[in-house]
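Peer 1: Since the structure of chain A is already known, use the hints to place chain B on it.
2 protein chains.
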Amino acid sequence: MNILILGAGGVGTAAAKIASRRKFFNTLTIADYDLSRAKKVVEELNDPRYSASEVDAGSKESIKKLIESTGATHVLNAVDPRFVMPIFDACFEAGVTYLDMAMSLSKRHEEVPFEKVNVKLGDDQFAVADQWEKQGLLAVVGIGVEPGLSDVLARYAQDVDFDEIDELRVLDGANLEVEGYDFAPSFSIWTTIEECLNPPILYDRERGWYAVEPFSDPEIFEFPEGIGEVECVNVEHEEVSLMPRWINAKKVAFKYGLGEEFINVLKTLNKLGLDSTDPVSVKGGDVSPRDVVAACLPDPATLGPKMKGKTCAGVLVRGTAKNGEFASKYYYHVADNEHTMNLDGCQAVVWQTAINPVIALELLADGTWSGEGVLGPEAFDARPFLELLEGDYGSAWGVVDR
Amino acid sequence: MNILILGAGGVGTAAAKIASRRKFFNTLTIADYDLSRAKKVVEELNDPRYSASEVDAGSKESIKKLIESTGATHVLNAVDPRFVMPIFDACFEAGVTYLDMAMSLSKRHEEVPFEKVNVKLGDDQFAVADQWEKQGLLAVVGIGVEPGLSDVLARYAQDVDFDEIDELRVLDGANLEVEGYDFAPSFSIWTTIEECLNPPILYDRERGWYAVEPFSDPEIFEFPEGIGEVECVNVEHEEVSLMPRWINAKKVAFKYGLGEEFINVLKTLNKLGLDSTDPVSVKGGDVSPRDVVAACLPDPATLGPKMKGKTCAGVLVRGTAKNGEFASKYYYHVADNEHTMNLDGCQAVVWQTAINPVIALELLADGTWSGEGVLGPEAFDARPFLELLEGDYGSAWGVVDR
Chain A
1 MNILILGAGG
11 VGTAAAKIAS
21 RRKFFNTLTI
31 ADYDLSRAKK
41 VVEELNDPRY
51 SASEVDAGSK
61 ESIKKLIEST
71 GATHVLNAVD
81 PRFVMPIFDA
91 CFEAGVTYLD
101 MAMSLSKRHE
111 EVPFEKVNVK
121 LGDDQFAVAD
131 QWEKQGLLAV
141 VGIGVEPGLS
151 DVLARYAQDV
161 DFDEIDELRV
171 LDGANLEVEG
181 YDFAPSFSIW
191 TTIEECLNPP
201 ILYDRERGWY
211 AVEPFSDPEI
221 FEFPEGIGEV
231 ECVNVEHEEV
241 SLMPRWINAK
251 KVAFKYGLGE
261 EFINVLKTLN
271 KLGLDSTDPV
281 SVKGGDVSPR
291 DVVAACLPDP
301 ATLGPKMKGK
311 TCAGVLVRGT
321 AKNGEFASKY
331 YYHVADNEHT
341 MNLDGCQAVV
351 WQTAINPVIA
361 LELLADGTWS
371 GEGVLGPEAF
381 DARPFLELLE
391 GDYGSAWGVV
401 DR
Chain B
1001 MNILILGAGG
1011 VGTAAAKIAS
1021 RRKFFNTLTI
1031 ADYDLSRAKK
1041 VVEELNDPRY
1051 SASEVDAGSK
1061 ESIKKLIEST
1071 GATHVLNAVD
1081 PRFVMPIFDA
1091 CFEAGVTYLD
1101 MAMSLSKRHE
1111 EVPFEKVNVK
1121 LGDDQFAVAD
1131 QWEKQGLLAV
1141 VGIGVEPGLS
1151 DVLARYAQDV
1161 DFDEIDELRV
1171 LDGANLEVEG
1181 YDFAPSFSIW
1191 TTIEECLNPP
1201 ILYDRERGWY
1211 AVEPFSDPEI
1221 FEFPEGIGEV
1231 ECVNVEHEEV
1241 SLMPRWINAK
1251 KVAFKYGLGE
1261 EFINVLKTLN
1271 KLGLDSTDPV
1281 SVKGGDVSPR
1291 DVVAACLPDP
1301 ATLGPKMKGK
1311 TCAGVLVRGT
1321 AKNGEFASKY
1331 YYHVADNEHT
1341 MNLDGCQAVV
1351 WQTAINPVIA
1361 LELLADGTWS
1371 GEGVLGPEAF
1381 DARPFLELLE
1391 GDYGSAWGVV
1401 DR
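These protein sequence lines map, in sequence, to chains A and B. Per our numbering, the first sequence runs over residues 1 to 402. Per our numbering, the second sequence runs over residues 1001 to 1402.
Extracted from the complex, chain A is given alone in its bound form (with noise of 0.2 Å):
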């Protein structure tokens, strides 16, 4: 196996340096369209496998050249959401298989967008799954921690615990602060932007997929670990997509812990039209306000050494459990940042997306999992997966009745 990771950023870097632990695969290299951010992945690590190269995201021809020039068969999308569509094209076009931690993206109902959905997230890479399944092709999507990990986890409860699911709620939650800065966001606040502003779409087995408001049915929900009560909201996410292609669950939802601060900046830059990617023009440039709202904050991947507390993912599964009786379990993961900056200088966040699609090339490398066509996590046999990630990988997931 060789790999490619596009985008030297937070995340593609942990996944290098993640995988640096392990064997699985011949050679790994990390490109960025800066040069200069791959490089110093390569430098730090001092893998005799690893190299760097410089790619254009958003040529797809750009990128079919460097998985030619590196002899690339697994290409990990690390890069933010906008690139999607040309790097999984390009990966279909020169025959290797596709991972990427976010999906391509929505396009909201003209007329009512918080009640019908028009294209659903990862709805333009599953238009064309016939193609890639004809060609026996592989792309293994949203295989990030959420989506992801969330996927992996629902898809042991439906395996493991339960007869029938009633219900999917994945929930995403955090204690996380940043010493030194009245607001640092500990993700790309482009992404944020894009998923928290965008209508929530809900699944629902008779009404299919439904879209609501955004910040819509807040709930308190107790995550498990210390972390504790964070107000949690509806947020556009892949997980509510993917699930029920694979899952027979009547009730599909995604839920943040963005709680009130961040609710509140968000709707202020949404009142504002700061959230838009349209340029406007001022003195210096045509600009998109959204590009100067994330160059004012910090860059996330940065605040590590900053960062203290933990990020938990999971997805609280409710129904009849194997015994006949109901059942409501939360399955999660959580990431203390503390850990992850001794352990490989990545804070919590980042670190939690990364791992998993490392684990999932591991599977992939060793044929533990195999497929053809456009899938996602729980498209797969979820045991081996939980077993890689607590075992070999050393971090521990759990379930708490809820």
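Just so you know, the hints here were simulated from the structure itself, not pulled from any lab data. Virtual Cβ for every residue (Gly too), placed ideally from N, Cα, C. There may be inaccurate statements among the hints.
[To be verified] Restraint-style ranges between C-beta atoms, simulated for each label pair: (1) A/384 with B/1283: 41 to 47 Å; (2) A/111 with B/1216: 27 to 33 Å; (3) B/1166 with A/112: 58 to 64 Å; (4) B/1206 with A/182: 31 to 37 Å; (5) A/225 with B/1216: 37 to 43 Å.
[To be verified] Straight-line alpha carbon distances no greater than 25 Å define the calculated BS3-like cross-link-like pairs of lysine-lysine that follow: (6) B/1267 with A/267; (7) A/306 with B/1065; (8) A/306 with B/1271; (9) B/1306 with A/308; (10) A/271 with A/40; (11) B/1306 with B/1040; (12) B/1116 with B/1267; (13) A/134 with A/65; (14) A/250 with A/116; (15) B/1064 with B/1039; (16) A/283 with B/1039; (17) A/283 with B/1060; (18) B/1116 with B/1251; (19) B/1283 with A/107; (20) B/1271 with A/271; (21) A/134 with A/60; (22) B/1283 with A/40; (23) B/1267 with A/271; (24) A/116 with A/267; (25) B/1250 with B/1322; (26) A/283 with B/1271; (27) A/267 with B/1023; (28) A/267 with B/1271; (29) A/134 with A/64; (30) B/1283 with A/39; (31) B/1134 with A/271; (32) A/283 with B/1283; (33) A/271 with B/1308; (34) A/40 with A/23; (35) B/1251 with B/1107; (36) A/271 with B/1306; (37) A/39 with A/23; (38) A/64 with A/39; (39) B/1134 with B/1060; (40) A/60 with B/1283.
Peer 2: The following block gives chain B in isolation, referenced to the frame of chain A:
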């Protein structure tokens, strides 16, 4: 008198329109960096005394040339406060009378910005007041509505109603709404950010000038003429610097009826660094985040037809009245958007700002007001000003007990 108005934005345009009904001057030139904006005003008014010109308000030489070529005797600065000093200095060197509605910018204290003052609004102008006096030249500073009419009203209270003033508290509030916008400030967001996020300055006769936290000391004040209760907070404003120089008061404060939503927006912009004027680099260019915020919002000068409601400027005066008893009176002026739109096609806030320098120019033209040096509105007799405002200019002011 030959008038030169610098700036064909909302306030400059409104001043040109109001002045066009009056006979006290010979010529009026309106100049802007965008000549078409100035030409539009002149074409609309069709007043043979009027002409349009182009100017770079940041260049002292450009302004001096324009003063010379137009034969201006009086310059009204109607551009944003970043350009106060080049215009002020150009008028001194050209030997003409200067008027403005916002004064030179402040600089916060480097160590204890919310406790001590460093450079106050107007300090750079008052620093050379003796030179203006020596040359027999006059600068009338802060002669809009606030500062401006508020200072005139305070002077009136001292001269007519009070023996001893304990407190002058300028209070500004409105019930303006803009149809069809989630958020549409009725005044320049650039200036609003500047004044609302800088440390507010208070004056105490014993302590002198001192600074406090932005948005501090919230109070609900009931504004007259149907506007009703509005939450007001401490905001940096010129009156606090101006009034103690000519009016004998124990305390001076300025409070702005921003309302909860606007305060929240400003706090969020500050938290994210979007209030900053220091350029950030993004795809498209190096831009000032504050300029981008302004570019995302509708131009306040264009909102008049969609606006509804009234805006009130005034000063609460508390102390011992001429009859020896304690009195607490609010001297105020209200502008109704419907009235100002019908009269001059200008929205209420810019119209209420623009009427005052026109009245001041008329009082200077007929010699009712005269002086040498750098003088605030409260340095002149308030009675003829208020008589002209209510009489020939047809805009009533009032007093209520509060």
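Peer 1: Run every hint past the structure and note whether it holds.
Peer 2: A quick look at each hint next to the structure:
1. At about 42 Å, the CB distance of residue 384 of chain A to residue 1283 of chain B agrees with the hint of 41 to 47 Å.
2. Range check, residue 111 of chain A to residue 1216 of chain B: Cβ separation about 46 Å, and the 27 to 33 Å hint is violated.
3. Here the CB-CB span from residue 1166 of chain B to residue 112 of chain A is close to 59 Å, well matched to the stated 58 to 64 Å.
4. Distance hint check for residue 1206 of chain B and residue 182 of chain A: the Cβ-Cβ separation is about 34 Å, which falls inside the suggested range of 31 to 37 Å.
5. Remark: the range hint 37 to 43 Å for residue 225 of chain A to residue 1216 of chain B is upheld by a beta-carbon distance near 40 Å.
6. Our distance criterion of 25 Å between C-alpha atoms is met by residue 1267 of chain B and residue 267 of chain A, whose separation comes to about 13 Å.
7. About 55 Å separates the Cα atoms of residue 306 of chain A and residue 1065 of chain B, which puts this hinted pair outside 25 Å; it is violated.
8. A hinted pair counts as satisfied when its Cα atoms are at most 25 Å apart, and residue 306 of chain A with residue 1271 of chain B qualifies at roughly 18 Å.
9. Distance restraint check for residue 1306 of chain B and residue 308 of chain A: the Cα-Cα separation of roughly 48 Å exceeds the 25 Å cut-off, and the hinted pair is therefore not satisfied.
10. Using a Cα cut-off of 25 Å, the hinted pair residue 271 of chain A and residue 40 of chain A is violated, with the two alpha carbons roughly 39 Å apart.
11. About 21 Å separates the Cα atoms of residue 1306 of chain B and residue 1040 of chain B, which keeps this hinted pair within 25 Å; it holds.
12. With a CA separation close to 21 Å, the supplied pair residue 1116 of chain B and residue 1267 of chain B stays within the 25 Å bound.
13. Of the supplied pair hints, the one linking residue 134 of chain A and residue 65 of chain A holds, its CA atoms being roughly 24 Å apart against a limit of 25 Å.
14. For the given pair, residue 250 of chain A sits about 18 Å from residue 116 of chain A by alpha-carbon distance, which is consistent with the 25 Å threshold.
15. Distance hint between residue 1064 of chain B and residue 1039 of chain B is fulfilled; the C-alpha atoms sit about 20 Å from each other, no more than 25 Å.
16. With a CA separation close to 23 Å, the supplied pair residue 283 of chain A and residue 1039 of chain B stays within the 25 Å bound.
17. Restraint check for residue 283 of chain A and residue 1060 of chain B: satisfied, since their Cα atoms lie roughly 21 Å apart, inside the 25 Å limit.
18. In summary, the hint linking residue 1116 of chain B to residue 1251 of chain B is supported, as the alpha carbons are separated by about 16 Å, within the 25 Å threshold.
19. With a C-alpha separation of about 24 Å, the suggested pair residue 1283 of chain B and residue 107 of chain A falls inside the 25 Å cut-off, and the hint holds.
20. Our distance criterion of 25 Å between C-alpha atoms is met by residue 1271 of chain B and residue 271 of chain A, whose separation comes to about 16 Å.
21. Between residue 134 of chain A and residue 60 of chain A the CA atoms are separated by roughly 21 Å; this keeps the pair inside 25 Å, and the hint holds.
22. At most 25 Å may separate the alpha-carbon atoms for a hinted pair to count; residue 1283 of chain B and residue 40 of chain A meet this at roughly 23 Å.
23. With a CA separation close to 14 Å, the supplied pair residue 1267 of chain B and residue 271 of chain A stays within the 25 Å bound.
24. With a C-alpha separation of about 21 Å, the suggested pairing of residue 116 of chain A with residue 267 of chain A holds against the 25 Å cut-off.
25. Restraint check for residue 1250 of chain B and residue 1322 of chain B: satisfied, since their Cα atoms lie roughly 17 Å apart, inside the 25 Å limit.
26. Distance check on the hinted pair: residue 283 of chain A and residue 1271 of chain B sit about 23 Å apart at the alpha-carbon level, within 25 Å; holds.
27. For the hint pairing residue 267 of chain A with residue 1023 of chain B, the CA-to-CA distance comes to about 51 Å; that exceeds 25 Å, so the pair is violated.
28. Pair hint residue 267 of chain A plus residue 1271 of chain B holds up; C-alpha atoms about 14 Å apart against a cutoff of 25 Å.
29. With a C-alpha separation of about 20 Å, the suggested pair residue 134 of chain A and residue 64 of chain A falls inside the 25 Å cut-off, and the hint holds.
30. Taking the CA atoms of residue 1283 of chain B and residue 39 of chain A, the gap is about 22 Å. The hint holds against a cut of 25 Å.
31. Note on residue 1134 of chain B and residue 271 of chain A: the hinted pairing is violated, with a Cα-Cα distance of about 52 Å set against a maximum of 25 Å.
32. Distance restraint check for residue 283 of chain A and residue 1283 of chain B: the Cα-Cα separation of roughly 14 Å lies within the 25 Å cut-off, and the hinted pair is therefore satisfied.
33. Between residue 271 of chain A and residue 1308 of chain B, the direct Cα distance comes to roughly 20 Å. Compliance with the 25 Å bound is thereby established for this hinted pair.
34. With a CA separation close to 22 Å, the supplied pair residue 40 of chain A and residue 23 of chain A stays within the 25 Å bound.
35. Only pairs whose Cα atoms come within 25 Å are accepted, and residue 1251 of chain B paired with residue 1107 of chain B is accepted, the gap being roughly 22 Å.
36. Distance check on the hinted pair: residue 271 of chain A and residue 1306 of chain B sit about 18 Å apart at the alpha-carbon level, within 25 Å; holds.
37. In summary, the hint linking residue 39 of chain A to residue 23 of chain A is supported, as the alpha carbons are separated by about 21 Å, within the 25 Å threshold.
38. At roughly 20 Å between alpha-carbon atoms, residue 64 of chain A and residue 39 of chain A fall within 25 Å of each other, so this suggested pair holds.
39. Pair hint residue 1134 of chain B plus residue 1060 of chain B holds up; C-alpha atoms about 21 Å apart against a cutoff of 25 Å.
40. For the hint linking residue 60 of chain A to residue 1283 of chain B, the alpha-carbon distance of about 20 Å falls within 25 Å, and the restraint holds.
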